[in-house]
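Spelled out from the first residue to the last, the chains are:
There are 2 protein chains.
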Amino acid sequence: MNGAQSLIRTLVGCGVDVCFMNPGTSEMHFVAALDAVPEMRSSLALFEGVVTGAADGYGRMADKPAATLLHLGPGLTNGLANVHNARRAFTPMLNIVGDHATYHKVYDAPLNSDVDGLARPMSDWLRTAQSGTAIGHDAAEAVAAARTAPGQIATLILPADISWGESSGPAQPIAPAARKKADDATIKQIAEVLRSGQKATLLLNGYALRERGLIAATRIGEKTGARVTCDTFPSRLERGAGLPSVARMNYFAELAADELKDTQHLILVGTKSPAAFFAYPGKPSDLVAPGCKVYTLATPAEDAIEALEHLAEAVGAPKTGYRVEPARRSDKPTGALTSAAVGTAIGALLPEHAIVVDEGNTEGIFTPYYTVGAPRHDWLFNTGGSIGLGLPLATGAAVACPGRKVVCLEGDGSAMYTIQALWTMAREQLDVTTIIFANRSYKILNIELMRVGVEGGPGARARDMLDISRPDLDFVALARGMGVSASRPDGAEAFCAAFEHAMREPGPHLIECLV
Amino acid sequence: MNGAQSLIRTLVGCGVDVCFMNPGTSEMHFVAALDAVPEMRSSLALFEGVVTGAADGYGRMADKPAATLLHLGPGLTNGLANVHNARRAFTPMLNIVGDHATYHKVYDAPLNSDVDGLARPMSDWLRTAQSGTAIGHDAAEAVAAARTAPGQIATLILPADISWGESSGPAQPIAPAARKKADDATIKQIAEVLRSGQKATLLLNGYALRERGLIAATRIGEKTGARVTCDTFPSRLERGAGLPSVARMNYFAELAADELKDTQHLILVGTKSPAAFFAYPGKPSDLVAPGCKVYTLATPAEDAIEALEHLAEAVGAPKTGYRVEPARRSDKPTGALTSAAVGTAIGALLPEHAIVVDEGNTEGIFTPYYTVGAPRHDWLFNTGGSIGLGLPLATGAAVACPGRKVVCLEGDGSAMYTIQALWTMAREQLDVTTIIFANRSYKILNIELMRVGVEGGPGARARDMLDISRPDLDFVALARGMGVSASRPDGAEAFCAAFEHAMREPGPHLIECLV
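Note that the protein sequences, when read in sequence, are chains A and B. Take the first sequence: its letters are residues 9 to 523, numbered as in this note's numbering. Take the second sequence: its letters are residues 9 to 523, numbered as in this note's numbering.
Careful: at least some of the hints might be erroneous.
Which copy is meant is left open, because identical chains are indistinguishable; a pair holds if it fits in one copy or across any two.
[What the hints assert, rightly or not] Capping the alpha-carbon separation at 16 Å, the derived lysine to aspartate or glutamate pairs in EDC-like fashion look like this:
(1) Lys-113 <-> Asp-294
(2) Lys-301 <-> Asp-270
(3) Lys-189 <-> Glu-314
(4) Lys-451 <-> Asp-475
(5) Lys-207 <-> Glu-267
(6) Lys-72 <-> Glu-149
(7) Lys-291 <-> Asp-266
(8) Lys-280 <-> Asp-116
(9) Lys-207 <-> Glu-230
(10) Lys-291 <-> Glu-262
(11) Lys-72 <-> Asp-25
(12) Lys-340 <-> Glu-501
(13) Lys-327 <-> Glu-219
(14) Lys-301 <-> Glu-200
(15) Lys-207 <-> Asp-270
These aren't lab readings, by the way, just hints derived from the structure by calculation. It should be emphasised that the depicted structure is a prediction, and the values quoted were computed from it without experimental measurement.
Kindly generate the complete structure, drawing on both the sequences and the hints.
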């Protein structure tokens, strides 16, 4: 059995049975080994940013890693932007990066590069496979690393000769480190703070935003008067009718700081102290008010849900009677197709157990508000701010959850970074409906250009660099070019009809909205 | 004057007056400063791989660096694959990578990353700007580094507060180090080797492949009997009627080794000792025959043209009478639209001073043979093997050479990595005609899958990972979706008509060829 087969068999044995890939020559033995291990599902993408973003979407929804297969240094770097986002989401992910045969590196062939150096800044665990004897164990360790709470990026560099050479066969799974318990003394201390009657805020992210965490946090808030909020762009937020809802912090730093200005005690639950997304001249980066005390109930690696439940007990919060979102839907919109109409329509029509992937940016900003009383669903955000995540994330979420509708909210500018994902959606007939908010501008940057305080206001040449209307993009043509059926409704009613059709018919759809 | 203005003014003073960009919030002051320095041409791309590939194409044709503007770590990594190719081409290039404000880094905001660590493996010169006092000088040094022979990748990381803060104004240009002279003793030694009558090969790349280098090498070859050849994928090859032509080494290692098997003396001119592109089980990586002696007439950083001319004198090569390619064109093809028909048509119709960008891969492999007697032109190859270079390279070459037709040969699989380049071509109305060889397969990988020697041959699942026909890509739709006029001729005559039309009408065109 060669190294590639040992590797894939080990992965499958460890529960990693999906691999998103864009392989090259140095990965051909890995590709060939797929026929020997049919338990491994392989999914091809035309660009590596789709591969890694899909692994992120898969990991967030499956709560276990997908593997990626990338071709040498350049294939890795093409995927790193979405590895960055995955890392910020604490998504478990295992990147397998092919490299030249060990003895070939010395020739510095055209595709040679410092793969280790390129992978290091974006990897929590990194190893270059050294032998066929060890490759199975390397794989098992890589999976354990990826699964170590709160979820990590593991990167295994696989020289071609280790892949094609003899191996010692697959290795046994290694149990990942158990999620750490939050400290009891800390829970007690925070309970006292909350009972003090002073203004407190619980800030949640990650694992804490699943149903049990939301319930416990809401119980604490209702008992103690503490505000419950979550980061602006959480990795995965369970929400909708029947669940307690938490508001996300504002993206704009001045508004976010305003939200926290009266908070005397800030309790971090699976997250870290909030800072402005960007720095702006003369504005503070730290969003925490002066004098506010900051506590960590649970780090991202700790068991935030258990900590919240213990804290709820400690403050004497009742187990029942907490407020949940009532089921309520807006009416279907009529008239012009505005961003608000799109949001309203989604609120009116989102099916139960949908997964919403949100890279809607400026035009999509209010969509969460329209959907708060829709049937229960998951909402995935762009955690790391690297644009071009949405379509790949939706791809991976759909692979992870075949029975659920995925709705992908995309800005037109954002969509173009990894537009190739549409092809993988068509190839796999994934149940993803992509909604393009086409304002034909990098609109967020127009806002940011004002906010950074350019003297005299931006000139024509600056504004031109944020203008993507010259020429207009035609997303219906782009989608059809990649095998995805698409439409461009000319009003709110037509949008509703297109969206209803997409929710009824399985498979990929794209709806371009000129807003 | 703020740092961004100092930076841009310094660049313009140093002769860097084109900037390809995909900016974000942390680069807004740079963008705003464009209005203050109208001498800087700015060109927007929808994806960073287009930005860096365009800078490569520009640098290869303009013989001076373009700047790029990239947004933080993820924007940089999106561009690194084509930086890799540029580095392998020794293209002068200056990357400006925005970063968070210096004081903001400590908060590890969502988009924070180790920009320096990510840039280092792909940069020959790397600096993070530290102050407004130094930013002008940093820029001047970066340009000098980029222009240092044979051409380098310079990366300047620009924290947002350095960009928006006060500066000391622009700095004076710094002269790059002069191209080193090749060693006289080496020239003498090589002259003796060539006069020995033993079998010798001159292997050229880079600067040596310009007209003067080709002439000198051909004179040497004709006088001494030495074979003259060049690397498989040179950065820029001047060729066509009236110029001496040199054959490129074969891509397939076994054939390349066969070419060199009788060579007793291998003379490197602006390149390094040849190795197989990839390693294959049981096949040698080193293409040099055992016992062959290897000499370096000129390193890539040295003046290869002067060295060749001195060597030609030293071996007593006549100054005139060397063979040049006669002007000859094939007839226009008729019948089915095969790869050969496309190549023949290009040979028949390529206009004088065209720039051919070649990422045609498997189907395009013979196009150079059909065009050897076409009017004089430049041919640019994918030097680093990172796929997704062609369309961006063509974009940059067209910006550098507004009076010349650019013909971009693209594989369908390759085109999809950076398909967003079509939009920049449309936006700038660049005179690029893209020819897509659509075989609906990663055909080169099918060949490589056989060559790497998979036991029992590849299975259905492996072959499926190299199949991009499910669904078929429609490049006419994709091109129109980005504002580029496109057609899909159904035979050789129709292709000729479409190509003639494109050669007549300025602006971007795309022709999809089902081959």
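Comparing the hints with the structure gives:
1. Lys-113 <-> Asp-294: Answer is between: at 11 Å across copies they meet the 16 Å cutoff, but 46 Å inside does not.
2. Lys-301 <-> Asp-270: within (12 Å within a copy, 78 Å between copies)
3. Lys-189 <-> Glu-314: within (8 Å within a copy, 71 Å between copies)
4. Lys-451 <-> Asp-475: Close inside one copy (8 Å), not across copies (38 Å); limit 16 Å.
5. Lys-207 <-> Glu-267: within (12 Å within a copy, 80 Å between copies)
6. Lys-72 <-> Glu-149: within (14 Å within a copy, 48 Å between copies)
7. Lys-291 <-> Asp-266: This pair counts as within: shortest intra-copy Cα distance 12 Å, inter-copy 67 Å.
8. Lys-280 <-> Asp-116: between (43 Å within a copy, 10 Å between copies)
9. Lys-207 <-> Glu-230: Within. Shortest intra-copy distance 13 Å satisfies the 16 Å Cα cut-off; inter-copy 89 Å does not.
10. Lys-291 <-> Glu-262: This pair counts as within: shortest intra-copy Cα distance 8 Å, inter-copy 63 Å.
11. Lys-72 <-> Asp-25: Within one copy only: 10 Å inside, 49 Å across.
12. Lys-340 <-> Glu-501: Close inside one copy (8 Å), not across copies (53 Å); limit 16 Å.
13. Lys-327 <-> Glu-219: within (14 Å within a copy, 84 Å between copies)
14. Lys-301 <-> Glu-200: within (13 Å within a copy, 81 Å between copies)
15. Lys-207 <-> Asp-270: Cα proximity of Lys-207 and Asp-270: one copy only (7 Å, versus 85 Å across).
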